[in-house]
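Using the sequences provided together with the hints, build the complete structure.
Using our numbering, the final residue of the sequence shown is 501, and nothing's skipped along the way.
Incorrect hints may appear among the rest.
Here are the simulated DMTMM-like cross-link-like pairs (lysine to aspartate or glutamate), alpha carbons at most 20 Å apart as the crow flies [as the list claims (entries may be wrong)]: (1) K303 to D342; (2) K418 to D382; (3) K303 to E343; (4) K303 to D456.
Computed Cβ-Cβ distance ranges for the label pairs, DEER-style [claimed, not checked]: (5) R448 to L217: 37 to 47 Å; (6) A118 to R448: 23 to 33 Å; (7) V331 to Y468: 26 to 36 Å; (8) D329 to T152: 53 to 63 Å; (9) F149 to Q227: 12 to 22 Å; (10) Q227 to V360: 42 to 52 Å; (11) Y263 to N470: 37 to 47 Å; (12) D206 to V360: 17 to 27 Å; (13) D206 to D271: 57 to 67 Å; (14) A50 to T109: 21 to 31 Å; (15) V360 to A274: 30 to 40 Å; (16) D363 to V323: 16 to 26 Å.
No lab work stands behind these hints: they were computed from the structure. Bear in mind that the values here come from a model prediction, so they are computed numbers and not experimental data. Just so you know, even glycine gets a beta-carbon here, dropped at the ideal spot from N, CA and C.
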Amino acid sequence: MLTQYDFQVQTAAVINDDNYPTVAPLYAAQDPRLVAPLNAMAMMSALVSAQLEVAAAEPFSLAKDATIVATAALRGIVNQAGSARIVVQVKNTSTTAITINVGSHLADTIGNDYHTVATVTVPAATVVGQTLNPGSAYLTAVQETVVAFSHTITASLAFYKIPIPIQDGLYLVGLSVTDADGNVYAYRDRYVNNASGEYIYFIEADASQQLSVVFGLVDVVGVQFPQGQVLHLSVRYCAGRITTERGTPLTVGSNSALDLSLYEISDAGTDPLAASTLRELCKCPAVSDGTAVFLGDFAYLVKRNFPDLKFLSVWNEVEDTQVRPFSLDNVNTLMVACYQADEQLVTETDPLADPMTATVLADTDLTTTQQAIQALLNQADDSYRVRFLSPVVAPISILIAATISTSYVPGDVGNRIKALIFAEFGQDSSAAKNKVRPTERRIHELLRQNLPEIADRRAELSVTIPPYANDARPELYRYVSVASLVVGVSTVNQKMPLWGG
1 MLTQYDFQVQ TAAVINDDNY PTVAPLYAAQ DPRLVAPLNA MAMMSALVSA
51 QLEVAAAEPF SLAKDATIVA TAALRGIVNQ AGSARIVVQV KNTSTTAITI
101 NVGSHLADTI GNDYHTVATV TVPAATVVGQ TLNPGSAYLT AVQETVVAFS
151 HTITASLAFY KIPIPIQDGL YLVGLSVTDA DGNVYAYRDR YVNNASGEYI
201 YFIEADASQQ LSVVFGLVDV VGVQFPQGQV LHLSVRYCAG RITTERGTPL
251 TVGSNSALDL SLYEISDAGT DPLAASTLRE LCKCPAVSDG TAVFLGDFAY
301 LVKRNFPDLK FLSVWNEVED TQVRPFSLDN VNTLMVACYQ ADEQLVTETD
351 PLADPMTATV LADTDLTTTQ QAIQALLNQA DDSYRVRFLS PVVAPISILI
401 AATISTSYVP GDVGNRIKAL IFAEFGQDSS AAKNKVRPTE RRIHELLRQN
451 LPEIADRRAE LSVTIPPYAN DARPELYRYV SVASLVVGVS TVNQKMPLWG
501 G
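In structure tokens:
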């Protein structure tokens, strides 16, 4: 990268008596009428140089959100959300039983729409003396909004695209496609392993994350439609992760005899991927048909389908024997340790005096996420046994001591140091997710680049990361916790001696 000084040196070399005999004396005298515009151009050129430097590394660093979105589009990554599932308590105050059919529309007080997944009959209320006892039942509902529309093919084009409408405040969950003859179209990831004439489609995202349904090419793959063909699309949207409180009232139609309230959230749903998660996902190979052969393929398969996992480790008996004695029970076994929100964790405080062993989880103890991962791995290769172990939390101890000028507030600087460390190496960081351990050099760079108080040339900074025994165990979930980070900030008078009092 070229700086302003570099451009000024080149300018001084060019403006001389031989090239510009009239201007050279003015430049030598630093005439502001001449020097000011030249320095301004040198500064602007330096800014452009810095921008070009960043742009050259952008395909590899993915620092800008726009680049992340564009890269995700090239890799076929569709940024979807997950629907929430709730259990609703229904009370019937009428003297006749009332049936709520499957697919009935519910709405809560904050504007979320739900659809029931089964038919429920709410018994009639009973009268005991002067007391009315409402009939009660429970139903399960999914938080989704369904938008159905038809599209007429305007021209017979290869890989015909139909844009998916954008709904304000809602995220795409899924869709279904049928034609006028009743044929149901199936989704295929980038047309892998499909022949011509099959009723399939593919979801494509552009650099602005505008999603489109893409169809095939005649005699090559899928179906190419004639002009005038009518297609029917049903698109499902959701609000992402919900935080609705228990007891929140809901409504169903206009029946005033029913009193509905939220009983529990069985699945809170998931938000679309954050930019940091997309950045990590974009580092994976661009071409994959979703199958798994090698060990790394299984880890990638799980990461691609469950990108919100805070921790994931997949290993086999070969990796396990590197940290533990060989066991016949581990032969032909995929071992998985993962954590998202509700999975069981084991905490280790001293790996030498009190080492913790990961707990092998029974199939009956698996969470919904673990069961889905198990089904995904069995679908990829059912010749392996899949065994889940509880991650072992081993906090990373970091000791930071900083000495700064008395012109700064130590408490504020200490809080900002902690915030930077937690963002980079905390429980929700990509470093913890990808098992990247912090180094003293990296922390020095992080603090000096982001804190001018530490970047001061007279400031002192000391970082110590004590070694951790048996750090290679694949089930270790390591991150910097509140208790494991110790930050001390002190001040020193940095007044320089001056002559003249």
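So, going through the hints one by one against the coordinates:
1. Straight-line distance between C-alpha atoms of K303 and D342 comes to about 18 Å, which keeps the hinted pair within the 20 Å bound.
2. For the given pair, K418 sits about 45 Å from D382 by alpha-carbon distance, which is inconsistent with the 20 Å threshold.
3. Note on K303 and E343: the hinted pairing holds, with a Cα-Cα distance of about 17 Å set against a maximum of 20 Å.
4. The hinted pair formed by K303 and D456 fails the criterion: a straight-line CA distance of about 41 Å is larger than 20 Å.
5. Checked against the hint of 37 to 47 Å, the pair R448 and L217 fails, with Cβ atoms roughly 55 Å apart.
6. The supplied range of 23 to 33 Å is broken by A118 and R448, whose beta-carbon atoms lie about 59 Å from each other.
7. A hinted range of 26 to 36 Å holds for the C-beta pair V331 and Y468, which are about 29 Å apart.
8. Taking 53 to 63 Å as the suggested C-beta distance range, the pair D329 and T152 conforms, at roughly 60 Å.
9. The hinted window of 12 to 22 Å between F149 and Q227 holds, with their beta carbons roughly 19 Å apart.
10. Checked against the given bound of 42 to 52 Å, the beta carbons of Q227 and V360, roughly 60 Å apart, lie outside it.
11. Between Y263 and N470 the beta carbon distance is about 45 Å. The supplied range of 37 to 47 Å therefore holds.
12. A C-beta distance of roughly 45 Å is found between D206 and V360, which places it outside the suggested range of 17 to 27 Å.
13. Separated by about 21 Å at the C-beta atoms, D206 and D271 break the suggested range of 57 to 67 Å.
14. Between A50 and T109 the beta carbons are some 51 Å apart, a value that contradicts the proposed interval 21 to 31 Å.
15. Between V360 and A274 the C-beta distance comes to about 32 Å, which sits within the given range of 30 to 40 Å.
16. Between D363 and V323 the Cβ separation comes to about 25 Å, which falls inside the hinted range of 16 to 26 Å.
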